[in-house]
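> If you want the building blocks of each chain, they are given just below.
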Amino acid sequence: MTTIDKTASVPAPRDGATHDGPLLDVRDLHVEFRTREGVAKAVNGVSYSVNAGETLAVLGESGSGKSVTAQAIMGILDTPPGFVTKGEILFRGQDMLKMSEEEHRKVRGSKIAMIFQDALSSLNPVLSVGYQLGEMFRVHQGLSKKEAKVKAIELMDRVKIPAAAARVNDYPHQFSGGMRQRIMIAMALALEPDLIIADEPTTALDVTVQAQVMDLLAELQREFNMGLILITHDLGVVADVADKIAVMYAGRIVEQAPVHEIYKRPAHPYTKGLLASIPRLDQKGQELYAIKGLPPNLLKIPSGCAFNPRCPKADDVCRTDVPVLVPITEQDGTDLPGRRSACHFWKETIHG
Amino acid sequence: MADLSKNEEAVAASEAEAVAAIEAPAERGEPILQVRDLKKHFPLTQGILFKRQVGAVKAVDGVSFDLYQGETLGIVGESGCGKSTVAKLLMNLEQATAGEVFYKGQDITKLSGRALKAVRRNIQMVFQDPYTSLNPRMTVGDIIGEPFDIHPEVAPKGDRRRKVQELLDVVGLNPEYINRYPHQFSGGQRQRIGIARGLALNPEIIICDEPVSALDVSVQAQVINLMEKLQDEYNLSYLFIAHDLSIVRHISDRVGVMYLGKMAEIGTDEQIYEHPTHPYTQALLSAVPVPDPEARAHRERIILTGDVPSPANPPSGCSFRTRCWKAQDKCAEEIPLLAIPEPFQGQDTPAAHFSACHFAEEKNVVAAH
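Chains A and B, in that order, give the protein sequences. Just so it is clear: in the first sequence, position 121 is 120 by numbering that gives the first Met the number 0, and no numbers are missing. Just so it is clear: in the second sequence, position 12 is 11 by numbering that gives the first Met the number 0, and no numbers are missing.
Honestly, the hints are just simulated from the structure, not real lab data. Note that the Cβ used here is the ideal one computed from N, Cα and C, for glycine as well. There's no promise every hint is true.
[As the list claims (entries may be wrong)] Here chain A is said to cover these stretches of chain B; the calculated rule only asks that three of the stretch's residues, wherever they fall, bring their Cβ under 8 Å from a Cβ of chain A:
#	region
1	211 to 222
2	236 to 248
3	297 to 303
[To be verified] Only pairs whose alpha carbons sit at most 16 Å apart, straight line, appear in this in silico EDC-like list of lysine to aspartate or glutamate:
#	chain 1	residue 1	chain 2	residue 2
4	A	K283	B	D252
5	A	K283	B	E269
6	A	K283	B	E273
7	B	K116	B	E152
8	B	K228	A	D315
9	A	K263	B	D291
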């Protein structure tokens with residue numbers, strides 16, 4: 000025990016004294032992929048923020064840019080072909096895009112960590128999980144191999160992997176899917192970061208295991224007062240854990256709202272369509288509501304509102320003018336705190 | 000010699016009989032497929048030269064159910080519970096270790112030759128992953144038309160192109176896409192191609208193994224609607240295997256819950272979702288995230304501990320007992336049978352349906368909407 004106490008770093012004070020804005024503030028981020036077929040505009044002006052202890056859910060279909068935004072925040076975008084062309088990513092007030100690679104390395108892992116979707120392909124199959132967990136301590140804190148292994152066992156205990164001491168030398172394939180995801184979580188937690196980005200952390204898991212993993216994540220988040228960005232396409236998971244939601248479509252945020260609001264009164268036709276397409280009890284035997292058409296090709300995003308070819312409300316203005324993400328209000332003009340919508344017809348959508 | 004030819008004649012005669020039975024139209028409201036105590040054990044061997052069997056993975060271990068004409072039977076369960084193996088057994092892609100599958104009175108696990116071919120025409124499959132289940136080097140026309148090469152009696156040669164275009168139209172794709180390749184389509188469109196291929200031979204049963212789980216949320220609803228429309232139009236019976244409980248509830252008339260190679264509970268969608276009596280079903284339903292943040296506070300979730308045990312070494316007695324909060328000594332000793340639980344026998348309640356638990360009782364869980 001004593002050796003651990005000596006080497007364990009004191010958790011950094013949350014909400015650092017030097018900065019009192021949001022923990023992470025993404026502003027007008029643009030990312031594009033320059034490919035042989037042309038330039039794919041994956042992210043076109045995304046802005047969101049996360050506070051300490053808060054859970055932001057980023058909801059979107061494949062190709063909506065939700066994972067690319069996360070990769071840009073982490074600084075793990077494949078360059079080339081991916082390039083951040085515009086925008087700021089402020090972590091505690093510091094623009095991460097302007098940091099040197101060396102500074103970035105210090106933030107990544109120790110301050111911001113990421114949990115990936117597919118634990119089996121994210122873990123190295125030829126290294127034991129203990130070694131991989133310990134790497135965080137060896138690289139960032141300069142611990143010895145022995146000390147790092149003790150810490151690794153401690154971490155495995157914390158994410159409730161049974162018989163951690165006996166399993167520390169096992170390899171990833173020897174663990175079940177749920178246990179592997181716990182190892183991913185343990186790795187992200189290792190240096191007690193301020194912010195965790197979880198990219199579809201439970202998509203590959205069964206519902207009973209998904210419930211275990213989400214519970215664990217919520218518990219650890221409370222314990223460390225971490226900010227959490229949860230990237231997902233599952234409206235059920237979002238309703239369970241999120242504080243606020245950002246819905247993405249074709250590289251833009253189309254709606255932002257606190258979690259309770261959005262399910263009751265969506266203010267964008269896309270969100271409305273997504274919610275309506277969930278099978279509900281009273282609609283059994285009837286046709287499900289389906290958003291017609293397909294998500295757009297990022298090489299040729301439709302002009303105006305990217306959702307216009309699929310939108311039941313689309314009008315001429317939607318085909319020419321890109322709608323801006325604007326704060327929305329009640330019918331009588333009172334503010335709806337935290338709510339924004341990027342639709343020319345948000346009034347009709349929310350109040351109609 | 001005489002004996003042998005007589006024997007052959009007898010075989011040919013019984014085969015013709017089987018084919019006739021298979022080709023007869025199915026009657027509505029009758030079970031079209033009867034599965035009885037179906038088992039599939041994959042042997043575990045040791046040694047390279049002298050292989051000896053050291054055990055078996057009991058992927059499917061005694062599953063029985065009926066599939067009626069025109070209905071949808073949903074099968075749910077976690078990965079590794081054997082639901083996909085059941086699908087393969089019904090398609091006769093795997094040889095069953097034991098048990099019977101009766102299709103119109105014929106046991107398809109024992110059929111071969113002409114009779115098996117006739118059965119396969121009537122039982123078709125739609126696969127999970129539309130990216131790997133279509134050959135990237137074949138055009139859509141070739142993919143959908145391939146079943147006609149094997150069963151030329153369905154469509155004469157000159158007629159095939161028109162038939163394929165008809166099928167494309169039926170599943171909501173432009174018939175002019177006939178010469179395109181799979182990579183030119185999105186996931187949802189590819190799944191439509193897979194469905195068109197399944198429909199090509201006018202089957203009576205379509206086995207759908209996770210048909211929408213690889214698709215985007217907004218596209219899932221489109222494909223589900225298409226499948227329901229086709230079911231009404233062609234009077235199809237679906238065996239719908241999936242892990243998304245809300246989609247299964249939407250499309251199914253009856254639902255079976257599998258755990259570790261066995262059927263834990265089976266009944267109508269209302270019986271299973273509103274009045275589950277098996278603890279596993281209850282846990283499964285309570286773990287489904289409900290897309291309603293208001294439900295967060297007042298819903299009881301049963302979080303199971305641990306993982307599904309290995310099917311190579313299942314627990315004695317009830318296979319769920321290692322994760323069950325109700326487990327007692329009896330559960331380790333006696334295998335619970337799939338039957339109407341004693342307390343509900345003879346009663347007219349929705350809880351009176353087949354459930355394989357010694358201590359079956361109703362528990363109020365917030366079911367998936």
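> All hints, please: hold or fail.
Comparing the hints with the structure gives:
1. 211 to 222: This one holds; 7 residues, not fewer than the three required, reach chain A with a Cβ under 8 Å.
2. 236 to 248: Since 5 is at least three, the answer is holds.
3. 297 to 303: With 3 residues close enough to chain A, the hint holds.
4. A:K283 <-> B:D252: holds, 10 Å
5. A:K283 <-> B:E269: Holds - the C-alpha atoms of E269 of chain B and K283 of chain A are around 11 Å apart, at most 16 Å.
6. A:K283 <-> B:E273: Roughly 14 Å between the alpha carbons, so the hint for K283 of chain A and E273 of chain B holds.
7. B:K116 <-> B:E152: Judged against 16 Å, a Cα distance of about 12 Å means the pair holds.
8. B:K228 <-> A:D315: violated, 33 Å
9. A:K263 <-> B:D291: holds, 9 Å
Figure legend: structure checked against the earlier numbered hints; the only hint not met is number 8.
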